[in-house]
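**Q** These protein sequence lines map, in sequence, to chains A and B.
In terms of the numbering used here, the first sequence has 371 at position 371, counting the first letter as 1, and numbering is strictly consecutive.
In terms of the numbering used here, the second sequence has 183 at position 183, counting the first letter as 1, and numbering is strictly consecutive.
If you're looking for bench data, these hints aren't it; they were derived computationally from the structure.
Be aware that one or more of the hints could be misleading.
[As the list claims (entries may be wrong)] Derived CB-CB ranges, DEER-like: (1) B/54 with A/292: 25 to 31 angstroms; (2) B/14 with A/468: 53 to 59 angstroms; (3) B/132 with A/253: 31 to 37 angstroms; (4) B/298 with A/461: 45 to 51 angstroms; (5) B/171 with A/383: 41 to 47 angstroms; (6) B/112 with A/156: 38 to 44 angstroms.
No residue lacks a Cβ here, since even glycine has one placed at the ideal position from N, Cα and C.
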Amino acid sequence: MTRRLTLGSLWAFFALFVFVPLGGLLLRGLTSPALAWQALFEPLHLQATARTVALTLGVTLITLLLGVPIGWLVGRTDLPRARAWRTACMLPFLIPPYISAIAWISLLNPSSGLLNRGLANLGLPGGDIYTLGGMIWVMGLAYTPLIMVATADTLARMDASLEEQARICGASPWRVFSRITLPMATPGILGGASLVMAATAASFGVPYLLASGSAEPPTVLTTRIYQTLDLDPATGRPAAVALCLVLLVLGIGIPLLMRRMVGRRQFTTVTGKATRPKPFVLGRARRPAQVLLGLYVGIGVLLPTVTILVTSLMANFGRGLTAANLGLGHYRTVLFERPETLRSIGHSVLLATVVAAVAVVVGLLVSWLADREPTRAHRTLSAVASLPYAIPGTVLALGMLLTFSVAVRFILADRLTVHLELMDTLWILGIAYLIKFLAFPVGSAAAGLKATDASLEQAARLSGATWAGTLRRITLPLLSADLAAAFFLVWIPAFSEVTMSILLTGPDTPVVGTLLFHLQTYGDPPAAAVLAVLVMALVLGGNLLLRRLTGGRLGL
Amino acid sequence: MANVELKGLRKAYGHNEVVKGIDLTIADGEVVCLLGPSGCGKTTTLRMIAGLDEPTGGEVHIGGRPMSGPGWFVPPEERQLGMVFQSYAVWPHMTVRDNVLFPLRIGGMADTQAQASVDAALRRVQLQGLDARYPHELSGGQQQRVAFARAIVARPRVLLLDEPLSNLDAKLREELRDELRALVKDIGVTVVFVTHDQEEALTLADRVAVMDHGRIQQVAPPPQLYHQPSNALVARFVGTLNELSATTGPEGTAVQGHRVPTRPVQDAPREGPCQLGFRPEAAHLHASEGVPAVIAARTFLGPTNRYRLQIGEEQVVVDDDATFEVGRQVHLRIDRALTLPPAQP
Numbered sequence: 001m002t003r004r005l006t007l008g009s010l011w012a013f014f015a016l017f018v019f020v021p022l023g024g025l026l027l028r029g030l031t032s033p034a035l036a037w038q039a040l041f042e043p044l045h046l047q048a049t050a051r052t053v054a055l056t057l058g059v060t061l062i063t064l065l066l067g068v069p070i071g072w073l074v075g076r077t078d079l080p081r082a083r084a085w086r087t088a089c090m091l092p093f094l095i096p097p098y099i100s101a102i103a104w105i106s107l108l109n110p111s112s113g114l115l116n117r118g119l120a121n122l123g124l125p126g127g128d129i130y131t132l133g134g135m136i137w138v139m140g141l142a143y144t145p146l147i148m149v150a151t152a153d154t155l156a157r158m159d160a161s162l163e164e165q166a167r168i169c170g171a172s173p174w175r176v177f178s179r180i181t182l183p184m185a186t187p188g189i190l191g192g193a194s195l196v197m198a199a200t201a202a203s204f205g206v207p208y209l210l211a212s213g214s215a216e217p218p219t220v221l222t223t224r225i226y227q228t229l230d231l232d233p234a235t236g237r238p239a240a241v242a243l244c245l246v247l248l249v250l251g252i253g254i255p256l257l258m259r260r261m262v263g264r265r266q267f268t269t270v271t272g273k274a275t276r277p278k279p280f281v282l283g284r285a286r287r288p289a290q291v292l293l294g295l296y297v298g299i300g301v302l303l304p305t306v307t308i309l310v311t312s313l314m315a316n317f318g319r320g321l322t323a324a325n326l327g328l329g330h331y332r333t334v335l336f337e338r339p340e341t342l343r344s345i346g347h348s349v350l351l352a353t354v355v356a357a358v359a360v361v362v363g364l365l366v367s368w369l370a371d372r373e374p375t376r377a378h379r380t381l382s383a384v385a386s387l388p389y390a391i392p393g394t395v396l397a398l399g400m401l402l403t404f405s406v407a408v409r410f411i412l413a414d415r416l417t418v419h420l421e422l423m424d425t426l427w428i429l430g431i432a433y434l435i436k437f438l439a440f441p442v443g444s445a446a447a448g449l450k451a452t453d454a455s456l457e458q459a460a461r462l463s464g465a466t467w468a469g470t471l472r473r474i475t476l477p478l479l480s481a482d483l484a485a486a487f488f489l490v491w492i493p494a495f496s497e498v499t500m501s502i503l504l505t506g507p508d509t510p511v512v513g514t515l516l517f518h519l520q521t522y523g524d525p526p527a528a529a530v531l532a533v534l535v536m537a538l539v540l541g542g543n544l545l546l547r548r549l550t551g552g553r554l555g556l
Numbered sequence: 001m002a003n004v005e006l007k008g009l010r011k012a013y014g015h016n017e018v019v020k021g022i023d024l025t026i027a028d029g030e031v032v033c034l035l036g037p038s039g040c041g042k043t044t045t046l047r048m049i050a051g052l053d054e055p056t057g058g059e060v061h062i063g064g065r066p067m068s069g070p071g072w073f074v075p076p077e078e079r080q081l082g083m084v085f086q087s088y089a090v091w092p093h094m095t096v097r098d099n100v101l102f103p104l105r106i107g108g109m110a111d112t113q114a115q116a117s118v119d120a121a122l123r124r125v126q127l128q129g130l131d132a133r134y135p136h137e138l139s140g141g142q143q144q145r146v147a148f149a150r151a152i153v154a155r156p157r158v159l160l161l162d163e164p165l166s167n168l169d170a171k172l173r174e175e176l177r178d179e180l181r182a183l184v185k186d187i188g189v190t191v192v193f194v195t196h197d198q199e200e201a202l203t204l205a206d207r208v209a210v211m212d213h214g215r216i217q218q219v220a221p222p223p224q225l226y227h228q229p230s231n232a233l234v235a236r237f238v239g240t241l242n243e244l245s246a247t248t249g250p251e252g253t254a255v256q257g258h259r260v261p262t263r264p265v266q267d268a269p270r271e272g273p274c275q276l277g278f279r280p281e282a283a284h285l286h287a288s289e290g291v292p293a294v295i296a297a298r299t300f301l302g303p304t305n306r307y308r309l310q311i312g313e314e315q316v317v318v319d320d321d322a323t324f325e326v327g328r329q330v331h332l333r334i335d336r337a338l339t340l341p342p343a344q345p
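So here's chain A without its partners, still in its complex pose:
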């Protein structure tokens, strides 16, 4: 009985909050094709589409150029302290990209950027971060770790005898690398690249912030969707729907296609004893290699972090970097004197905590059913739970916006009337976060369940425990480490979420991300920097906890 009720409510939840919003979105786009088609060919929209394509290609190129050599250096060479370097090179990925963007605005905005002022003093031309190139730069640095990890892991998994065989056949070390190692690592690296493409096409925070200070803002698809809705909710909707369909194609379709092509070439090998791959001897190249890694960590992590810290301490941002201009004044006003700050932090902490807890329970249920009773229905349920993570946040949020902008009322089983008025409440934010990040606990629980034998649970059933009782008293404790990790995997991105929040918050439900954007774009960078420091501290703290919980498998 319990399980039929559980299953029923899970399906109802996904039907209401995944299928209806997304289905509605698709239907609206397809039922009025003329309108959608027309919207697509508006010059502004065409331009936005072209920019998203250029942004995605640019970021992918930068991440490949940086990530492949770094991954090879930390994964397959005799670089001293390679593990520590690998951890350090992961850091840029942990800082939310929009926080890096805020830092780079402080450094390279054309009027008063700290770096630009320094360059001007030296008589050198400065840079302008409010451009497409600026976006590519910031996101390229942020997503490089995805390629680095893909490269390093692929190289580490490779059977060393495949390379040794080529040496025996007469190939020099360089030819072995170009003819054997690189071609075999390509599917893994392209897998990482498809993640970068999906993340870049769907990104909202960085393009939004880096368009905010420009007279001719380089608008991309996600920010264009936001603009059309923001300017005129009624007339903007058909255009937003049409743009969402384009975004779905670019953000999911192309990466998926790439993975499929790569997947067909996925190389399986018969391995006997796995010979440990022999590290490549760097020799005299060791010093330049360390310089390259140091530069990446310095520019990707240290520089933005220090900039944010300095900006948060500057009493007056326009006045420049002097001892007299530094102080903790903004911390006092932002954290203690402004009620909206405290309210936003309170909302974000509450949402992240509740959503993470619920996500862990739902994730466990879904994965348990898919792993222990792998019927078609149960596996579909687990796929449905993991799917929204791949959908751009802007699309998810728009779907919910369209569905729940009016009160929804329906009758259940002839007598229960359900009345949903979600707009402008914390509920709609919580539901959006839950749907988007559910994939993490589903994955964590699935991995944990795979490692725990089903007989442990069957023994409990034979001892007289019910299904629910077994789940609570045997499965839950056995998987506690995985589930605790899953909690933080949800908590961290939920706390700092922006993309969906900006479309779904109401006047009374600000969260940390939306407030931060508000402060940054309406001319109070030091206050924004204070919040950014807070977000960074919590995100890094959460990652350290995650690392402890998983014994180093996940997190920082």
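Since chain A is already given, all that's left is putting chain B on it; use the hints.
**A** Chain B alone, transformed into the frame defined by chain A:
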């Protein structure tokens, strides 16, 4: 083709020396096996011949040319060798043809000539017609053949095989073993191969070098290794060996007062307590003469019976055509045996 000479070859990882001075000369066209338990240093020795591991001491010469020694080292790609790895190491991103073509392309051979050589090599390993396949479309045995074709296609001076048959199932292994033997003898290439499977070593090799703890214990043709092991370790490692506690003296070796014809190994004592070692087929059962024993178990093997005998506290295994019931009192007569050092307390 070429001979291989190892002189005082050593390899240490930090303070852990895994190969402790190996001297071995392998003649041109000879098939030599390095046999030993895992961790005995046999694979490391093979990898040092290949140039995949750099020795920490001693010298390697191939075809009279120095390959490695104090202060000099020829990298693997300049040694003109062929090698088959335990994992086969067939490149998954290349077709069968491209795999086999690789050494020739690297060697700069003209294309028409190279293609002809590939065809010949594939014919030799009976893979003709499969050349457009990718490795994941092949069975384990077929991948092994690809690895073999690739190893011989460039006419290497020496062929190195690292546990070449251990990933195959038993039936296929036996089939390929005979094929392999015929093939290398047909090409006439010098072969050094490594295995922990004594049956593989005894059937394939002209000479077997038994290794343990980083040293060669004995190098000899298979029959000599089986019948005249030079020490207890080799005797115990090669074939099935029964052991009984015995005493030895100037008159010979005896078990419970029964004299047995024996051959002492190198480390056997001259006088006092010792172990008597004998093969199951080097003894038989008798109704009244020999060491008294009780039949503990009998296994019917077809041509013969294998008996497990209880002799006091000890048990031995003996093959005999005659049929005796389990539990019966019999006598054991040992025809040929070895005198071994006493068992460690």
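**Q** Are the hints correct? Go through all of them and say.
**A** Status of each hint after checking the structure:
1. At about 28 angstroms, the beta-carbon gap between residue 54 of chain B and residue 292 of chain A stays in the expected band of 25 to 31 angstroms.
2. For residue 14 of chain B and residue 468 of chain A, the Cβ-Cβ distance of about 55 angstroms falls inside the hinted range of 53 to 59 angstroms, so the restraint holds.
3. In this structure, residue 132 of chain B and residue 253 of chain A meet the distance hint of 31 to 37 angstroms, their C-beta atoms being roughly 32 angstroms apart.
4. Separated by about 47 angstroms at the C-beta atoms, residue 298 of chain B and residue 461 of chain A satisfy the suggested range of 45 to 51 angstroms.
5. Separated by about 42 angstroms at the C-beta atoms, residue 171 of chain B and residue 383 of chain A satisfy the suggested range of 41 to 47 angstroms.
6. Between residue 112 of chain B and residue 156 of chain A, the C-beta spacing of about 40 angstroms keeps the proposed range 38 to 44 angstroms intact.
Checked against the numbered hints given earlier, the structure satisfies every one of them.
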